Amino acid sequence: MKREPILKIENLELSFSQYIQGLKKRELTVITNLDLELAEGEILAVVGSSGSGKSLLAHAILGILPYNARTRGKILYKGKVLSQREKERLRGQEIVLVPQSVNYLDPLLQVEQQIGISLQNKTKEQKEKMNNEILHRYGLDLAVKQYYPFQLSGGMARKVLLATALTSSAKVIIADEPTPGLDDESLGEVLKDFRNLSDSGKAILMITHDIQAALKIADKIAIFYAGATLELAAGIDFAHGGQGLRHPYTKALCRALPGEDFEAIEGRQPLPSELPQGCLFSDRCQLCTEECTRQRPDYRMIRGGKARCIHAT
Amino acid sequence: MRKKYTLFALGIRKKTIFSTGLFLLLFVWVMAAGIFIAEDALMVDLEQTFSKPGMDHLFGSDWVGRDMLLRTLKGLSISMRIGLLSSLISAAVAVLFGIIGPVFGGAADRCISWLIDFVLSVPHTIIIILISLACGGGLKGIVVGIACTHWTSLTRVIRAEVLQILHVEYTQLSRRFGKSKWYIAKEHMFPHIVPQLVVGVVLVFPHAILHEASITFLGFGLPAHEPAIGVILSESMKYLTSGKWWLAFFPGLCLVLLSLMVDKIGNNLEKLWNPNTAHD
Amino acid sequence: MKKHTLGKFVLYRLMKLVTLLVALCIVTFVLLELSPIDPVTAYVGADTKVSAQQRELIAKHWGLNKRPAERFWAWFSSVVQGDWGTSMIYRRPVLEVIGEKFVSSIVLMMTAWVLSGIFGFFLGILSGVMEGSWLDRAARVYCHILISTPTFWLGIVFVMLFSVKLGWFPVALSVPIGVIQSEVTLWDKVQHILLPALTLSILSVANICMHTREKVCEVMHSEYVLFAKARGESRGSIIRHHVIRNVSLPAITLQFLSFSELFGGAVFVEQVFSYPGLGQATVQAGLKGDAPLLMGIVMISLLFVYTGNFIADLLYVWIDPRMKEG
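Chains as they are written, first to last, in my numbering: chain A, 1 to 313; chain S, 1 to 280; chain V, 1 to 326.
Just chain A, same shape as in the assembly (with noise of 0.2 Å):
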């Protein structure tokens, strides 16, 4: 039986107003359609290139994005349809964030006070022992504590970033760029503390450019291209050079992975200023018809997973 969602997104659209040269107005749409489902115990990974916004899907769910943006579609929680108001009393309590680098620090503050910020509740012995605790788990020395964020290296930083959610009981984690900075050893132990705290009952949320340490972990993998995620896919389906994928840019990016034939796409995605009215994947794919270029297609349940593309099967 399939689990009701914890955290679910329907057609979110994002926009920006601008001022271009001349001083003249512009929407710039960043987020075009994204679709998600997010259950408990589940790891589900957005996947998308770069500098292509996915942060700001990060930022829409907790209700901090700048004041020049403006939101469309739903995102519900638990079923319910979260509010300006709900987001703000639920983020850093049943929702968190894993941000996505060390500037999200205070500079001015020390990594124990950086950490203890998710300890509110907690005494003064409590938060030290936790604070030991989280350092010891990824192999940080004491002395970390008192290091300011100009001191830590990328790893180190990226640890502490974890630290600062991972000690929280929240249900949801949306981690924002967890992986870079990691060497391989502290990788795989980041990535076993996500799966264990989904098997706990936690529902993930990965924001990440990196496909393949996505698909260590997550169980879904959605796909995110020019805004809109394409593909709904279950890690298993990129398995034998992907046969189980649906959407032709899936099946190109996972062609481009190393250890398949590592053959890249042709061009580029499309900036938000530049995006094609039908099919946002419409002018690099080899399938496409006059059909695609004329309106965007819906996202279609294929095969268990999801893709928006009138070709898939």
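Read the hints as simulated data drawn from the structure, not as lab findings. There's no promise every hint is true.
Below, simulated DSSO-like cross-link-like pairs (lysine-lysine); rule was C-alpha separation at most 27 Å, straight line [stated by the list, open to error]:
| # | chain 1 | residue 1 | chain 2 | residue 2 |
| --- | --- | --- | --- | --- |
| 1 | S | K52 | V | K165 |
| 2 | S | K238 | V | K288 |
| 3 | S | K140 | V | K165 |
Since we're looking at a predicted model, the values are computed, not measured.
Once you've looked at the hints, dock chains S and V against the given chain A.
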């Protein structure tokens, strides 16, 4: 928040150009008015001494019955001419130092940095007083004094700009072609620096007139018989306790408004030339 | 902070101070040499009974007949030894006069400094946190107007309004006239210093307020405040824990960097309020050609400003963890 942006979209550019033009016009008018007010308009009228601000005398009149409005206009006009002169001189110094430093580099650059530190480490008022004393007071003293103290910030701006241009490819290219340093300065740098310079001069101007008035007020600037704004305010001190508030209030207020206005012109010009900073 | 880097830093700054002071001595001497002030006339003052012969004697006594370079050297070496000469208008050693005036000025300047620091800082924080609100706009307009207002005029307006019209404050002098020094109460002193200090501080507010505001806006738009929000920190908590923490040091530093404007402002405020401090002494020395006193004041002003700059730099090196390492 969003409202701010819609207002912004309603042709801020046109609004900016319009207000800049208006201010410039007013500026020229005040300056011209001061010059064309004849001496006999400032006649002594012993029947109208210390009259309060009213229909006859908008700004009131002084102890010999001279109209304060006319005196203020005349005073502002003098201050403006001094301000203009000294801002232009300090701009010239700034251009010279701002270009010499990075272009010649090394010792020259260090010398100029030290000189900036030197000027900044003594209160401006003190330096201007000293220079004014050295020049024996008067117009020359005040202009030299203000020029000597107001070149530093603009020099830094220009220096940074020049440094940036020096690193741009085409200058490096033309250096390889064996062009002289002066050629680089003239051909590549001046065109980039001019907008910065104009804004710089305009923004130094309010400081210059405020300093002029202040130093004259202390008695180191223009002599007491000049109708300068500093002199007017210095005189008003004598009648401070007797409730002749208009003697000091209006001339000072006009000075404040004038410097606010010029500051606005400077900021507007900067916005028009460099719209990236126009969001504020 | 490794000890030797701090030591090196202090040493470097001290050496720079020496170069600045020596240069200032030379420049001041040259400027006064150029000026048409005749030191003998300045000394003799309005006393017309002094004969030409006596004048010559005075000139000789001071070595005025020697070449400028010699005179400079004589003066400079005695300054280095701690003898700054005799003030002509006060007829007392320059250092003594400066010491006395400085104490009274420093009270005025520090009162203004603290007032403006606190007020400017909080106004800046409020304005930055509420960016775009009517309060923010009002604060910005206020600061803009202040920057364009000459200190002495504001002083005049305040005297006219608060002392003459409303009678809340005495009109002039740091102590009441005709009262023996020992009978001056603390309240008298406070009453006499409040209005000048207020005048001086109001204008310094603009600088600190605008800079704090800018810094607050920067912090409020930073990724770490975004993350703090994402962690469910309330607005108040963000302001207390992140904004104030990150904005304080730049603000304090800036306040120390403002010693130059403070001193300059004090000159005008003391003149308008007839406050017997260093600023008024500067004006008197300048107007009456008291060269030794003027040179002394110039050097003290440099020391004062330099101390402020030095403390500002030291604070950064000392407090900011990012600077401790580098």
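message: Hint by hint, where does the structure go against what was stated? Just the numbers, ascending.
response: 3
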